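Counting from 1, one number per residue, gives the positions in the sequence shown under my numbering.
Just so you know, the hints here were simulated from the structure itself, not pulled from any lab data.
You may find that some hints are simply not true.
With beta-carbon atoms standing in for the labels, derived distance ranges [to be verified]: (1) ALA75 x GLY185: 28 to 36 Å; (2) ALA75 x MET265: 25 to 33 Å; (3) GLY293 x TRP127: 43 to 51 Å; (4) GLU54 x ASP320: 50 to 58 Å; (5) GLY244 x ASP93: 55 to 63 Å.
These numbers come from a predicted model, not from an experiment.
Glycine included, every Cβ here is placed at the ideal spot set by N, Cα and C.
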Amino acid sequence: MKKMMLTALVILALTAAAPAAFAQELALGGQIVGIQIQTEGVLVAGTGAVETAEGAVSPAQEAGVRQGDVIVELAGRKIENAGDLLGAVAALDGESGELTVLRGGRPLLLTVKPVRSDEDQWLLGMWLRDGISGIGTVTFCDPATGLYGALGHSISDTESGSLVPMDAGNVTEAQIVSVKPGAAGVPGELNGCADLERVLGSIERNTEHGIFGHMTQPDRGRIVETGQIRTGPATILATVDGGGTKEFSVRVSRIYRDSDAEHVMLSVTDPELCAKTGGIVQGMSGSPIMQDGKLVGAVTHVFLSDPKRGYGISIQDMLDDAGIAA
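Given the sequences, and given the hints that come with them, work out the whole structure.
Given below as structure tokens:
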């Protein structure tokens, strides 16, 4: 059994999936899943200096490469993973080459010239990432089609805030192995273990309001209707230990809308949840918000200054991105 230890995704362009059939009722989420995605191209996690015989230099920085750029081509060679890029850099043999990166989803051409390191390698001075893994919470699943939504926010580059372009991905079974409680100024997190051999479904879209795909075996558990979120008492469904999904009390204190979505502010009022996690922690993103027995929203982020408070979005915004009528 192949497993991987994961920590929660920190906030952390896809091929759009065809809209699902309209659904009036949805299977309620709250379960933790492992999240595995392969990026479209190679993500630049950072740039740095290369030690050479003439001193430390950074060809990537000099060319204008930035953290968060996604490299898709070098000198006419398509780049799909870190190995492709290393091979393309070596093939330049010290000559300049045209590098194509995606920045903010738009292509940008840069000219790079590798340098030979003290270890006799041609390098550009970049830290690379061609995959992202973590855990998150499922919000809902359409029992008729298997279409699900999770996270309530995008998987994005933490520095630039740009959506991570994705080539493929899947969600897997996972379990919580430990909890780092939140504190003022220090976000907590759920630490989980994902079973990579037990794939539950695909990840097909990465949007501002969540990730979406299809479960191979649609959840036909607790079926609920969707509703309009309002201020006042509510509950969230979350998995914060090995005991499975539980319902915890919260209060929606404010609702406001910007150009992108209807956002909510909420406070954790449940003593058990406060004792276990300190409030809202990373990994709980996507936890369904319930009022009057209806699914009305999803948890998205925590207040850094107060882990007992956090943000959410209305379920209508997630369903709009998923292609499901609320």
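Hint by hint, here is what the structure shows:
About 46 Å separates the C-beta atoms of ALA75 and GLY185, a value inconsistent with the hinted range of 28 to 36 Å. The beta-carbon spacing between ALA75 and MET265, approximately 50 Å, falls outside the hinted interval of 25 to 33 Å. Distance hint check for GLY293 and TRP127: the Cβ-Cβ separation is about 48 Å, which falls inside the suggested range of 43 to 51 Å. The hinted window of 50 to 58 Å between GLU54 and ASP320 holds, with their beta carbons roughly 55 Å apart.
In this structure, GLY244 and ASP93 meet the distance hint of 55 to 63 Å, their C-beta atoms being roughly 57 Å apart.
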